[in-house]
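A.B. asks: What follows is the residue order along each chain.
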Amino acid sequence: MEKTAIDVAYVAELARLELTEEEKSVFQPQLDTIVRYVEKISSVDVSDVPPTMHGRAIVNSLREDVVRPSLDREVALANAPARTGDEFMLPKIVEGAES
Amino acid sequence: MSELYRLGIEEAAAGLAKGDFSSVELTRSVIDRVRTENPKIGAYLTFDEEGALAAAKAADDARKGLGSGSMDGARRSPLLGIPVAIKDLINVKGQPCTCASKILEGYVSPYDATVISNLKAAGAICAGRVNMDEFAMGSSTENSALGRTVNPYDVTRVPGGSSGGSAAAVGGDLCIAALGTDTGGSIRQPASFCNCVGLKPSYGRVSRYGVTAFASSLDQVGPMTKSVTDAALLLQVLAGRDEMDGTTPDEPVPDYAAALAGASLKGVKIGLPKEYFIDGLDPEVKRLTDEAIAKCASAGAEMVEVSLPHTEQAMAVYYIVAPAEASANLARFDGVRYGHRSGRSDDVFNLYARSRAEGFGPEVKRRIIMGTYVLSSGYYDAYYGRALKVRTLIRRDFETVFGMVDALLAPVAPTPAFRLGEVQDPLTMYLNDLFTIPSSLAGNCAISVPAGFTAGTNLPVGIQLIGDAYREDRLLRIAKAFEEVR
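If you're matching them up, the sequences are chains W and L in order. Read left to right, the first sequence gives residues 12 to 110 (the numbering used here). Read left to right, the second sequence gives residues 785 to 1270 (the numbering used here).
What the hints contain is simulated information worked out from the structure, not anything from laboratory work. Just so you know, even glycine gets a beta-carbon here, dropped at the ideal spot from N, CA and C.
For lysine to aspartate or glutamate, the following DMTMM-like pairs were computed, each having C-alpha atoms within a straight-line distance of at most 20 Å:
1) W:Lys51 - L:Asp1165
2) L:Lys886 - W:Glu29
3) L:Lys877 - W:Glu85
4) L:Lys1058 - L:Glu1089
Stretches of chain W that chain L covers, calculated by requiring three or more beta carbons in the stretch to come under 8 Å of a beta carbon on chain L:
5) 37–47
6) 54–62
7) 85–92
Given the sequences, and given the hints that come with them, work out the whole structure.
C.D. replies: Written as C-alpha cells, this is what we have:
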C-alpha cells in the first residue's frame, strides 16, 4: 500500500472532530490526493521572498479605546444550547469541582 | 404593472421615483414570484414576507416624507424600497443565519452586519436568505446541508457556488439584486453559471463585520445583480471604511455610478493572461471568450497578451491558505455558546468533538482537517509558511501587469454549469476556481459579466474582467462598456 501523506485520524483529533470509521476511510484517500496536489509549491524558489498575510496589508488599524454599548446579556445568551442563570452551561471541566 | 420582479435596481428605482409603482407593489411581485418559483429553484432558505412588506411600507412612507423620519437619509438612495436577497452567512438582526449548516440550525442573529446596516440605512429590504455551500465551501451549492438549489436556466444543473442561491435568485428573477461573498470565486463562478453580473471587490473594500468568516485574508462581500450599473449602485452602499473591521482602509469611495457615464472601450488596454487560455477549457467557453475578445477589439480596446507566471501555483496556495484560516475560524463552533450541541457528550472534550461531528458536513470536515494539518507542528513551514511566500509572487505578477494594462480578460470558470451530482471528487470540484483564485490571493477586484450562451445546451457563460486593487471604478467602467457591445 502506498504511504499516506496525512494521518487523517490523528489530525481530526487535533481539530476536535470525531470521525466515524467510514468517514476516515473516505477522507483518507481524498486528503492524500489534496495534500500531494498542494505539495507542488515546494518546487518554487521562495528564498528572500517575504510572506503575504492578507490581500491588502494594513498596519496598526486602531480605533479609540472607548466604552460603547455591547450586546445585552439576554441577547448574547439567547442562542445558548444550555444555560444556567446568566451563564453558559457546560459539562464539568475541573475534576473535584462542585458542579 | 406586471412582472415587476424582473426589474433590476436601476429600473426599479426609476419606477419608484416616478411613482409608476410602490415598493409594496414591487415587493409583493417578488413575494409572488418566490412563492411560485422557489419550490422549483430552491434559491431561498427563508423569506420573511411580513417583514418585507413592513419594510416596503416604511420605504414608501419615507419617499412621501411621511413616517418616523428615521429613513429620511435614504430618500435619494436608489436602494430605497428595493428587496435584496442575502446570502445565508451575513447576519441580519432577528433573522436566521445558518451558513447552510446543521451546526447553526435555529440560530437567530443578534445584530446586523455592517453591510446590512448600510443597506437598511439606504432603505433596502433585507428579508430573504439565500442558499449556499455550507460555510461557503464549494462551487455548486450541493454542499448545503439545508436545501437544494438548481440552475434557473436548466434545473438539471447546478447554480454554481458557493453563492449559488444568490445567483439563482438574480438569474431566475426571484429578487431585484443579491449579496454574495467571494473567497476564491464564490461570487464570480455562480454569476457566470446563472447569467448575472457578480463583482468581487478588492480585499478590504467592503466590511466583513457580521459576515461569518471562512478565510479571513480572502473573504469579500459583493453585489450580484442584473446589470453592471446595478453592481455599481449596490457597491456604493457596501464599500468604505468600517471601524469594526480593521482590514478596511480609510480610502475614499469613488462615485461608481458616475464612473460609468460615457463608458467606452476606445483606447482601453486589456491584457489576456496566457496562462488562463489552457487546453482543458470547454470549447463553448473558449468560443464565447474569443468572441468577447473580438468584440472588445472592434470596440477600440487594445488587446495584449500578458503573463502571470505563478498562476499554476495559485490553486495549491489557496488550498493551503483557505483551509488553514477556515480551521481557525471554525474553531468557534464548539457547541458552547451557540449552535448545535451533541446530546451524547459527558465531558467537555467530547462535547466539542461530537457537536462538530454532528453539525458539520463532509466538505467542511475535509477542510478543517486539511487546515489543521498544514498549521500543525512540523508542517507549518513547509505548507502554510511557504504558501504565504508563493502568494507574494502571485501578487507581484498582478502588480507587474497592472503597470501595463487597465484590466485583464479571462474565462470565469473552465466550463458552463455542470449537472447536479456530476462532480464527485473534491479536487476536481476545486479546479472550478482555477481562474478566480489567483486574483483573490492578490487582493484585486474582479467581475463576471454575461457573455452569451452555449450552442445546443443554451447555458449562460460569463467572462471575467480583473481590475487593479481599489480601482472598482475603472473595472466597472470597462465592464459597462463590454456589456454594451456584447
